[in-house]
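Participant: Sequence:
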Amino acid sequence: MMIIELMKEVGRGKRGARDLTYEEALLAADLIVNQKASQAQIGAFLMAERIKMESVEEMEAFVEICRKQAYRASFQQGIDCAGPYDGRKKSFYATFATAFLLAAAGLPTTLHGMASLPPKWGITLHDLLGAMGIDAEKLSREQVIRAASGTGVLFVPAEQWCPPLKELRAIREELGMRTVLNTAEKLVDYSNSPYLVYGVYHNTVFERMAKLLVKLNYRKALIVQGAEGSEDIFIERPTRAYIVEDGEARLHVIDPETYGLDTQLPETAGEWTPVRHIEVTEAVLQGGGHLAYMNQVLLNAAVRLRLSDRVDSVEEGLYTCKHLLDSGSAYELYLKWKGAMLTEGADKPNEAVTQL
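Just so you know, the sequence shown maps onto residues 1 to 356 in the UniProt record's numbering.
Be careful, since some hints might not be right.
What the hints assert, rightly or not - Derived DSBU-like pairs (lysine-lysine); straight-line CA-CA distance at most 30 Å:
(1) Lys89 to Lys322
(2) Lys68 to Lys36
(3) Lys322 to Lys90
(4) Lys138 to Lys14
(5) Lys120 to Lys220
(6) Lys89 to Lys36
(7) Lys36 to Lys120
(8) Lys220 to Lys8
(9) Lys36 to Lys90
(10) Lys220 to Lys68
(11) Lys336 to Lys322
(12) Lys36 to Lys220
(13) Lys90 to Lys166
(14) Lys8 to Lys215
(15) Lys211 to Lys52
(16) Lys220 to Lys138
(17) Lys52 to Lys166
(18) Lys166 to Lys215
(19) Lys211 to Lys138
(20) Lys220 to Lys14
(21) Lys166 to Lys89
(22) Lys68 to Lys211
(23) Lys89 to Lys52
Since the hints were made in silico from the structure, they are not lab data.
Remember, it's a predicted structure, so these values are computed and weren't measured experimentally.
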């Protein structure tokens with residue numbers, strides 16, 4: 001079966017379009033991810049799928065094909081933090097600071113991303129590393145694995161570890177819209193993590209994503225309707241989330257007020273640059289900075305420790321993480337990771353950051 005035949009099935013319009021079977025979706029995903037179809041056909045198929053809305057089987061097929069084309073290592077069994085690859089514009093990148101708290105608590109953490117994409121074109125993890133003087137595009141596989149082996153924090157430049165994502169970038173930029181690839185790229189699971197925290201923007205996708213994560217066999221997963229569609233729990237209001245475990249999903253509302261952490265964000269919270277993200281990250285990891293960002297990192301870390309069965313309650317996780325900040329353990333681990341990443345392919349760090 002050729003891509004044109006599959007495209008006719010998903011692109012027949014609102015009444016005529018149908019979901020592909022899993023076998024058909026695997027074929028379509030292979031033709032698209034490995035660019036066995038023309039650019040026009042790829043673009044048309046992705047847009048038709050977007051209009052129809054991707055089924056669970058179709059999303060699963062794209063994840064499977066992307067995984068087959070990626071380098072995946074099993075050297076650390078921890079939690080995968082899967083946020084939007086199109087970045088942030090108005091919110092703090094709490095998951096970056098959270099990663100070092102989790103690792104300091106003994107939970108290996110995987111972060112991954114690439115240069116910004118549509119539709120948001122926001123600040124990405126690549127930009128944060130750039131503000132630290134680290135060129136994410138020049139990081140070798142050996143270098144990031146070495147940094148992770150010494151700290152428990154793995155950062156994966158996704159387009160290097162999954163080359164088809166780089167090859168499909170141009171057409172995605174031209175389309176300028178979300179496609180099934182925006183879902184699949186976050187679920188490549190580069191370190192074969194048993195635990196996952198996954199960000200979504202709309203609560204309308206909760207059910208489909210829960211079914212998908214059940215099929216992908218994570219031990220436990222948390223789907224978070226977080227800041228700007230990220231995996232970051234809000235600190236100024238409750239956050240809707242789904243816990244996926246033992247083949248079932250249940251709604252869970254995480255309210256910072258329950259833990260005495262609800263904090264209003266500063267008025268300037270909407271003005272973000274990569275340098276400011278790193279300034280706030282380093283301030284929090286040193287036990288300082290604005291209380292809202294400190295509390296947000298503590299809450300996100302505590303919830304992820306509980307999800308991963310490293311603590312018996314969120315309250316215990318908060319106590320553990322506060323101690324790691326106060327003792328300087330999390331910041332020391334961050335500096336160790338930063339030093340390991342600032343080797344070949346790195347420029348001089350931004351002075352505004354290193355002065356903190």
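Participant: None of the hints should be skipped; say for each whether it holds.
Facilitator: Here's how the hints hold up against the structure:
For the suggested pair lysine 89 and lysine 322, the alpha carbons sit about 28 Å apart, so the restraint of at most 30 Å is met. Restraint check for lysine 68 and lysine 36: the C-alpha separation of about 16 Å stays at or below 30 Å, so the hint holds. The suggested pairing of lysine 322 with lysine 90 holds, with an alpha-carbon distance near 26 Å, which does not exceed 30 Å. For the hint pairing lysine 138 with lysine 14, the CA-to-CA distance comes to about 45 Å; that exceeds 30 Å, so the pair is violated.
At most 30 Å may separate the alpha-carbon atoms for a hinted pair to count; lysine 120 and lysine 220 meet this at roughly 29 Å. Among the hinted pairs, lysine 89 with lysine 36 is inconsistent with the structure: their alpha-carbon atoms are about 35 Å apart, more than 30 Å. Taken as a hint, the lysine 36 and lysine 120 pair is honoured in the structure, with Cα atoms around 28 Å apart against an allowance of 30 Å. Taking the CA atoms of lysine 220 and lysine 8, the gap is about 37 Å. The hint is violated against a cut of 30 Å.
Taken as a hint, the lysine 36 and lysine 90 pair is broken in the structure, with Cα atoms around 38 Å apart against an allowance of 30 Å. Straight-line distance between C-alpha atoms of lysine 220 and lysine 68 comes to about 22 Å, which keeps the hinted pair within the 30 Å bound. Of the supplied pair hints, the one linking lysine 336 and lysine 322 holds, its CA atoms being roughly 20 Å apart against a limit of 30 Å. A distance of roughly 35 Å separates the Cα atoms of lysine 36 and lysine 220; the hinted pair therefore is violated under the 30 Å criterion.
This hinted pair checks out: lysine 90 and lysine 166 have alpha carbons roughly 26 Å apart, not beyond 30 Å. Restraint check for lysine 8 and lysine 215: the C-alpha separation of about 27 Å stays at or below 30 Å, so the hint holds. Under the criterion of a C-alpha separation no larger than 30 Å, the hint pairing lysine 211 with lysine 52 is consistent with the structure, at around 18 Å. Pair hint lysine 220 plus lysine 138 does not hold up; C-alpha atoms about 33 Å apart against a cutoff of 30 Å.
Using a Cα cut-off of 30 Å, the hinted pair lysine 52 and lysine 166 holds, with the two alpha carbons roughly 25 Å apart. In summary, the hint linking lysine 166 to lysine 215 is supported, as the alpha carbons are separated by about 26 Å, within the 30 Å threshold. For a cut-off of 30 Å, the pair hint linking lysine 211 to lysine 138 is broken: about 37 Å separates their Cα positions. Simply put, lysine 220 and lysine 14 have alpha-carbon atoms about 35 Å apart, too far for the 30 Å limit, and the pair is violated.
The hinted pair formed by lysine 166 and lysine 89 meets the criterion: a straight-line CA distance of about 23 Å does not exceed 30 Å. The hinted pair formed by lysine 68 and lysine 211 meets the criterion: a straight-line CA distance of about 21 Å does not exceed 30 Å. In summary, the hint linking lysine 89 to lysine 52 is supported, as the alpha carbons are separated by about 28 Å, within the 30 Å threshold.
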